Structures are given as C-alpha cells and as structure tokens.
Amino acid sequence: MTKHATNEPFFWILFSAGGMMAAIFIPIHLLLFGVAFPLGWFKAPSYDQLMSLVSMPLVRIYLFILCSLPLFHWAHRFRYTLYDGLKVKHLNELIFAICYGGATLGTIIAAYLLWNIR
Amino acid sequence: MSATRQQTIRPAPAYTEFHPRWYRPRVSVYWWLGEWHYLKFILRELSSVFVAWFVVETLLLIKALRGGPEAYAHFLQIMQNPAMIALNIISLFFIVFHTITWFNLAPSATPVRMGGKRLPDVMISAPAYVAWAVVSAFICWMVLR
Amino acid sequence: MADNIVLEIARYSPESDHEPHFECYEVPVRREWVVLDALNHIKDTVDGSLTYRWSCRMGICGSCGMMVNGEPKLTCATFLSTYARNGSKVRVEPLRYFPIIRDLVTELGGFVSKLKKAKPWLIRDLEQPLSQGEYLQTPEQLDRYKQFSMCINCTLCYAACPVVGLDPIFIGPAAIALAQRYNMDSRDQGSAERTAVLAHPDGVWGCTFVGECTRVCPKHVDPAGAIQQYKIAAVLDWLKSFVTPRGRDVSNQAAND
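Which chain is which? The protein sequence lines are U, V and W, in order. Mapping of the first sequence onto the working numbering: residues 1442 to 1559, in sequence order. Mapping of the second sequence onto the working numbering: residues 19 to 163, in sequence order. Mapping of the third sequence onto the working numbering: residues 51 to 307, in sequence order.
It should be emphasised that the hints constitute simulated quantities derived from the structure, not laboratory data. Bear in mind that the values here come from a model prediction, so they are computed numbers and not experimental data. Some hints could be false.
Below, simulated PhoX-like cross-link-like pairs (lysine-lysine); rule was C-alpha separation at most 25 angstroms, straight line [stated by the list, open to error]:
1) W:K93 / W:K167
2) W:K269 / W:K167
3) W:K93 / U:K1530
4) U:K1484 / V:K81
5) W:K167 / W:K196
6) W:K290 / W:K167
7) V:K135 / W:K269
8) W:K269 / W:K196
9) U:K1530 / V:K135
10) W:K166 / W:K93
11) W:K196 / V:K135
12) W:K196 / W:K166
13) V:K58 / W:K290
14) U:K1528 / V:K81
Just the calculated beta-carbon pair ranges, DEER-fashion [claimed, not checked]:
15) U:V1476 / W:R61: 21 to 29 angstroms
16) V:F156 / U:A1458: 13 to 21 angstroms
17) W:T95 / V:G134: 48 to 56 angstroms
18) V:V140 / W:G98: 49 to 57 angstroms
19) V:A149 / W:K290: 56 to 64 angstroms
20) V:E53 / U:A1458: 56 to 64 angstroms
21) U:S1493 / V:H92: 45 to 53 angstroms
Quick partial rundown of chain W residues pointing at chain V, CB under 8 angstroms, derived from the structure [stated by the list, open to error]:
22) A127
23) I151
24) E190
In this text, a Cβ means the ideal position worked out from N, Cα and C, and glycines have one as well.
Let's have the full structure, built from the sequences with the hints guiding it.
So, in structure tokens, the structure goes:
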C-alpha cells in the first residue's frame, strides 16, 4: 500500500469511536447522576447498590471505555478547535501534547481507579 | 538639453506592469462570530469540552466509591450544589447537541447501498436514535432497580 | 414590489486603491432579474469599469460566483426579487478567502493548482486496447460517483469553508470531492496515486466537517460527504498498509465490494 504521510488516521479512529461512545452513553449517565439524582427526581442508588454494580468486571471494563474513549474524542476535537478557532496552528506540538497527553493521563487514572475497586 | 532624471523617492507602485497587486483579505481570529452557521459549528466542537467534563465527574464518582460510604455521600452532596446542577444541565444540553449532530451527519460519511441505490439518510440515522433510546433505558434499569 | 433596489458593490482597483471600498448603484427591479442582470445593467448604463466574471448565465459554467449579502452564491441564480421584497440592500463582494485581482474578480490559480494535485482524471495502469471496445459501466456503477461528478468548479465551497480561509495550503472541498469521484469510478485505477496528496494533514485531515461547503453547493454535490467518505477509505487504506507493506495494491474502491 502507498505509505501515508501521517498517522492522523489513528487519532481519527479514536475520535470517531469516542464520539460514538459519547453520543450514545453519556447523555443518560449525565441525566441521572448530574440532574435527576441531585434534584431528587429519583432516589440516588445507595453506596452498597452502586458498589455491587461497580464490582462486576464487565461494568468496570465498560466504565473504563466510557472514561477513556470520550477523552480521546475531546483531545482530537479540541485540538482542531484551537487550530481553527484561535488560529494557533503554529503551536501544534504544544497543543498535541496537551490534548493527547491529557487524554492519556485520564485513561491511566481511570485504569488505576477501576483496577481494584475495593 | 541635459537629460537629467529627477531623483525623487516614490512609493512602490500598486502594480507592476504585467501583474496587478492582488488584495489579500486577512481572516480575523473572530471569523466564527461573523456567521450563525460558523458559530453553530464552534459550539458543536466545544461540546467536546463538556464530554471531557463528564469524564472528570465520573472519575471523581469512582474515586468517591473507593473512599467508602462517607466519601460517596460527600460526592452526592457536592452534586447537589446549585452551581454544579446548573453546570451539569448546560453540559447535558451540549452533549445532546453533540448526539443529535453526530447521528444526523453520520449517514453522509457512511452511505449504504442496497439494490443498486443509496439508502436514504434517515434509514441510517434512525437506528442510531433507536440504539440511543434502548441503551439509555437499559442503563436506567441497571442503576435504578 | 419596490421599483428600484440599491446594490452595494465592492470595488478595488489595484492602480489606485490599497483596499476594497463599496459603491452604491440603484438598479430597477424586473421580476425575472437576477443579481447578474443587475451587474450587467450597471456595467452597460452606469459604470463601464465594473469588472466581474460571467458566462453561461444559467448555473452551469461556474464563473459568476460572488458573495451576496455574505453568502456565496451564483449571481445568475440569485433573484433580485428575494431582496427587493424585504426592502434590503444587496451587498455584492468577491468570493471570500481568495485574493482579489480587481472589483469582483478573484485569483483562481491557487484553486486550479489544488485541483490538479487531486488528479481529477481517469488513471489506468494499462489502457485497454481499442479492439476491446469501450469501458463498460452499469447504471449502478455510475450511480456510485454521479453526485460528485456534478461539480462545476464554481469555488462557492471554498468561499464557505473556514479551513480554506485559515489554512491556505488546505486542498479544499471541491478537489477532494472530485478525487473521490474518480476513486469511485469503476474505470479508474488511480486511488493509490491520489492517496499521497489526500491522506495528508493538508489533504482530507484538515477538514473538520463544518458542512458549509455542502450547504452552499449549487449543484448538490455534497463535498462534505465525499470528504468524510474519503476519510474512512483513507483509514482502511492506512490499516491495510500495516498488513501489506510491500507492493502497490492495484485494487480500487469501486471494485472492492
């Protein structure tokens, strides 16, 4: 295959996957934990209820993906917003480091927090 | 008659004989405020910041769960702060805006052909909305039961 | 409907001006007149020095693109009555994000060189010998790329795309849409050749799917859709490049399904 001049496709794949995750899964989570429970529409789950849920390995894997992929979606989109919105494309190495570095850091934190929940 | 040329400093001409000076307009850094469509685009892109904010909140929730029942109760209390609720409502608007624009734009990136013709866009975005509803209902059930 | 309408037209004369300024002209409103008719009226009866491009006056040559009240439009397809009804002025400027040569005439050399980079022509490894006859194509194969072939190179999409304005090296919507038009043509074998230019930070990856190009396109080409489709094809090509590092793959996208 012809060699590509850039590894941009890798970041675009992460951006797309993260965008799909964010589009489908985040609204309901935010509605429940950010609006419904604080406003008392529903009773917030008790500590034991939530812990029993989060102890399940599948749930922890899901939460890891929910925290990691959308961060890479943010990284890619925010990087281009800075390039175009603030016309700072000349700072592209710094912006790249901040965006993807931040996403990687969040991923590592998520892995650390979810590895051993108890 | 002496053929002396007057030596005056003249400003550079606006054109050379066979090449006019083109005017090159500069694009202002506020280009996105000039038009509603551009502003809508930038707001859509800024929804990613609220996506990142949600991830931060979720990581804080998980950290609180690890900290024990008191940490979890403290987290719930912080979430009830009116400023937090306001921020989360705004985030919710932006994230739903992201979802709707994402689903509506996806069909033009992934055209599906069947029987020699391209399927109408709604046949690709509708299943995405259905999946969104089903997933949301499932998560509600998992968390609220 | 009002009898007259005022056109505020950008004028720039490189011999005497350092930047464009606006001049107002009053023009009668005829029911069937388009903005181009108004410009021709001004040039014929009021100010012969007004300079602008036009040709077919029926929306197929792509010459008469200008900014009308801030929107990129073909002036031969924009009716004066729309503006006369609201009693508003009509502001006519040259297309955005291009250098201006004079008045309403933009410099298109940059656009043409970007178009050439995308290689918008059929590329074949080996021409079929004449004795084999024509390249045959079914209606379904034609349908795959027909929408993208409707492009008339009017550059309205370049005037709408903010990335074109912010990054002068970005190859732009029409060039990518036309490259995709040939990539999807069953007779073409050149997608690998176009990859080097398109799968590049100044190729498709500069696009952030603003979608303005599709909104303003007078021929409904949907360049934004073409670009996103190309991104997906480029991703698949990039992934394949790890599996088959050596040798040029001669398959093209159209033959792949």
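Violated hints - listed by number, lowest first: The structure conflicts with hints 1, 3, 9, 10, 13, 14, 15, 19, 20, 21, 22, although it agrees with all the remaining ones.
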